[in-house]
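Top to bottom, those sequences are chains D and H. For the first sequence, position 32 (counting from the first letter as 1) is numbered 32 according to our numbering, and the numbering increases by one without interruption. For the second sequence, position 70 (counting from the first letter as 1) is numbered 70 according to our numbering, and the numbering increases by one without interruption.
A portion of the hints provided could be inaccurate.
For lysine-lysine, the following DSSO-like pairs were computed, each having C-alpha atoms within a straight-line distance of at most 27 Å [said to hold, decoys possible]: (1) D/K199 with H/K63; (2) H/K405 with D/K194; (3) H/K282 with D/K99; (4) D/K199 with D/K121; (5) H/K25 with H/K102; (6) H/K37 with H/K25; (7) H/K63 with D/K194; (8) H/K192 with D/K121; (9) D/K120 with H/K405.
These are calculated hints, taken from the structure and not from any lab test.
Each chain, letter by letter, is given below.
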Amino acid sequence: MKEEKEESNRRNFLKLGLLAGTATIAGFGLKNKIFAGDIEETGEKVKVLTTDGRVVEVDSSMVAHPSEAKLAQFNVREGIPGKKFIMVIDLARCANARKCVEGCQSMHGMLPPIEYIKVKKMQDSDLGAPYWFPQTCYQCDNPPCTKVCPVDATFKRSDGIVGIDSDRCIGCKFCMAACPYSARTFNFGRPEQKEFSEKHNADKDKCCATKSSTEGTVSKCDFCPESSAKGILPSCVSECPNGTIFFGDELEDAVTNGEETFRLSELLKKRAGYRQFEELGTKPRVYYLPPVERNFPFEEATEVHNQVE
Amino acid sequence: MSEKIINEEKTTYETFTQEEYMVMKGDLLRPVQHIGKWGKIWIGFLIAVCLAGVYAYYIQETKSKYVTVSLRDYTMWGVYISNFVFFVALSLIGVLMSAVLKLTHFEWYRPLSRIAEVIAVAAIMLAGVSIVAAMGRPDRLHYLLLHGRIQSPIVWDIIVILTYVTTSIILLFIPMIPSMSTCKNHLTGKPKWQMKMYDILSFGWEGTPAQWKSLKKSVKILTVLVIPLGVSIHTVTAWLFATTLRSEWDSTNFGAYFVSGAFLLGVAGMIVAISVIRKTYKLENYLTPMHFDKLGRALVMMSFIYIYFNINEYLVPAYKMSGLHANHLINLFVGEEALFYWSVVLFGMVIPATLPLIPAVRKPLPLTIIAFGVVIAAWFKRYLIVIPGLAHPYLPIQDVPASWKHYTPSLIEMTIVAATFAAMLLIVTIFSRFFPIISVWEVAEGKLEGKDEIINYK
Ligand code: SF4
Ligand code: SF4
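Given only the sequences and the hints, what does the whole structure look like? Please build it.
Shown next, in the form of structure tokens:
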């Protein structure tokens, strides 16, 4: 009796899953309408992954990436529908090459010492081995930073990204106090930075919805939302020579570093993925894979960085 | 209850003569009637410091803040925010030294209440100025109205502070109505506009029994109202810190800790204020050694309460020394800030808790010195609450320029802070030059009703 019930529950569940799958396809269709106008069927079939992990075949026209022009009409506060961006950082691969830092700085038009992504030397315990620890804004799912903002200038989007509206921010810096990871930086108008931003006014924010060079406001890593929407990997991911950083979509259950692609759930399971300071309850969207069986031995940094005021 | 009534009957109808009243009125109106040379120099000096602050602010806003201000990404809140907390704390002086004493029928509050209230109003205004100085985009201040969201503790703070300011100003001016008519009738040789101002502010006061009745009633309501408001402004200010996940502020004790600190500061501030006022305005007959004696006792009590909360705040986490707190606490106890920290403990808590236990110390001069120490220590205490912890976040600070690790306020910042102090003193000074700083009728009434406690105090 009981078994039967369980069986029927499972069947219901499967049915639900199927429905969800169809809904996703319908979602793709909808997105197609929004972004690409009326596109003819190409007849070419591609395999896509549904939210519940099944592979289905659809016409390639249905999965076209949204066109740039249409993307601009996006409400930056709401995010890209049908996406949930996620990042995985494999600590076993990081050799402190700092290419992510430089890539990010040139992408966002930021000069050192401002770093949206930092690489820190960490050592968890006295006898524990030191390791390199790349750190971004974690785009927390329960973000303490957006909660405290008095004017809604920093907000959580449906695609998981925590964005900043630099036209709204009043510069109270409360969000910086609230972020336990010190992920935010403030634009104090460092003269070199100001000059640089002005010079590169045209090509600033190649990747971002909101300007990050507004003096007197907060900025931070934002997972490069516009590139991400176009399927272009964030700079830190593509610049890393060691493939340390993986980026992807939680709904697709896939992450890639540009060369290798993994099933997210399997990767986290196999490599015991964790999030930094889980106990704070911030629910970061960045997972770490522990530094076991490393690709490189740990070497102290020989150079000092960012010493210039 | 019945005992109290008998007591009141004994004291209520002790009269004081018309002559006594005229002398008193003369004394209390004197600072308004005549401003001496030193009075003018003092006002000029304060205005000069304020102008220096305005100029410093102009530089800060027109030049790059990276150059003018020492704030960086880790220490993003600096001396402006700690100054803000200090002024909010100081503004609780009105609650303690006026409202609480009034409602608990301590007759000696009478000459103190207006002094306390004007300090409270000035302090809370300067708290607002400090916050604006700290903002990255002061030009967007109005966004708080346009886009304000109720879930942000900043918005709570703004709401309670605005309510408190309004209530305090009303509470300051309503009991002044009879004083205004006294000014109108008894001051001579003042410019026309000033007399006109007294006329307007006395709201047609004639001193009829009905007018007295409604005046007293409204004062009472406001007095009751101002206590929870005062406690909330400082509690919410504490929550600005306690609602974050930072270990140095992550405390359920924070609201009470801040309020108790504010009460200690309030008593100390009052002692300093009356000792200056009685000397400069020759009001020794009204602000008497009795007041110092009482305030000295209050100082001891408030210090002990504050020490109690400090033990909860520092020693309990220190006993555990969890990894989250260790960095910050060790830095305070034996590290870089140790000297600073222990001086604040000594001058801000230990001395005021112990020395005034000796009756000889509760005399005006020694007590004023102690209280002055408490006020200075209180300012630095706010600094120690806000700033050092920021340099010890959960994730280590690495690869940054030296100025990002250690915060030392810049000249511009210190000038602006100095200007906020000057502005506060200026408001109080100007006020006392236009309005009697001690309420004539309240003291007169006190002499009628509570003559025993005020006059015959041994
Ligand atoms: S890492 Fe910090 S800034 Fe980023 S979402 Fe989390 S709390 Fe906010
Ligand atoms: S600094 Fe800007 S984004 Fe941060 S809390 Fe203040 S207004 Fe919001």
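To see whether the hints hold, each was checked on the structure:
no., hint, in the structure
1, D/K199 with H/K63, "holds, 19 Å"
2, H/K405 with D/K194, "holds, 22 Å"
3, H/K282 with D/K99, "violated, 73 Å"
4, D/K199 with D/K121, "violated, 34 Å"
5, H/K25 with H/K102, "holds, 22 Å"
6, H/K37 with H/K25, "holds, 23 Å"
7, H/K63 with D/K194, "holds, 11 Å"
8, H/K192 with D/K121, "violated, 73 Å"
9, D/K120 with H/K405, "holds, 15 Å"
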